[in-house]
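Could you build the full structure based on these sequences and the hints that come with them?
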Amino acid sequence: MKSLIKMLWVLALIVTIHPLFANDSDPRWRLEPIGAKSFAVYLNIPVECTAYIRVMDEQGSVLLRKRYQKVSRLSKKINLSKLPAGTYHVEIEDRLKIQSYLVEMGGKELTIEHEPEADFFKPIFLQKGKYVDVCMLLQEKEDASINIFVFSSQGRLIRQEMVENQATFEKRFDVSNLKRDNYSFVVQIGDRTFVHELNLR
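What the sequence shown shows, in the numbering used here, is residues 1 to 201, in sequence order.
If you are wondering where the hints come from, they were derived from the structure by calculation, not from laboratory data. Cβ coordinates follow ideal geometry from the N, Cα and C atoms, glycine included. Among these hints, one or two may not hold up.
Label-pair distances were calculated between CB atoms; the ranges are [what the hints assert, rightly or not]: (1) 64 - 152: 34 to 40 Å; (2) 166 - 35: 43 to 49 Å; (3) 199 - 95: 16 to 22 Å; (4) 118 - 77: 22 to 28 Å; (5) 163 - 195: 17 to 23 Å; (6) 184 - 70: 20 to 26 Å; (7) 77 - 161: 39 to 45 Å.
Right under this line is the structure:
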């Protein structure tokens, strides 16, 4: 498992500095204002993924949601003309990370903080033989409370794990004694929930 965590750190480093992901000034995701009520979102990564764009208000309510399947390059205009002037959070998600950007929309201009206000690595699920490994890298140790649940297809709780105050998390589950069924591995970190489906046949 230690080698697995090292691999994840290397992967995070590659995502950050590799030229296919970034250049001197722009990350792999880039947001640029267009006039006073719109902005463009650009994506350039080497692997196709499902990408999500969410616009939220300061209370965390999702006001606009977009989903793009099997994309490695993306150029989309997001129109906020139906929203009042104010502060918004634009959350963008790919297969590895969730990033949040601060957007200020005034009466005559729209400004975007180019450095993400939040940078969140998603959990990674790796299945090999009779084991399922769940790994995570967390940016802030004090917010590192993690709950993992394993449910059967009937919703029966099979196993539960909780870990607090760790910057990295790694857990190996032995599934060799489970009956043939569809299982859900549910990871909860704060108000975020991630689900991995496991089919044992």
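Kindly confirm whether 39 to 45 Å is satisfied by the beta carbon distance between residue 77 and residue 161. Taking Cβ atoms as reference, residue 77 and residue 161 lie about 43 Å apart, which means the hint holds.
Measuring from beta carbon to beta carbon, are residue 118 and residue 77 in 22 to 28 Å? At 23 Å between Cβs, range holds.
That 17 to 23 Å hint for residue 163 and residue 195 (C-beta), does it hold up? 18 Å, holds
Consistency of beta-carbon spacing, residue 95 to residue 199, with hint 16 to 22 Å: Hint holds: Cβ distance 20 Å, inside 16 to 22 Å.
Just tell me: holds or violated, for the beta carbon distance of residue 166 and residue 35 against 43 to 49 Å? Holds - the Cβ-Cβ distance for residue 166 and residue 35, about 44 Å, lies within 43 to 49 Å.
Take the C-beta atom of residue 184 and the C-beta atom of residue 70, compute their distance, and say whether it sits inside 20 to 26 Å. 24 Å, holds
Measuring from beta carbon to beta carbon, are residue 64 and residue 152 in 34 to 40 Å? 36 Å, holds
Every hint from the earlier list agrees with this structure, and none is contradicted.
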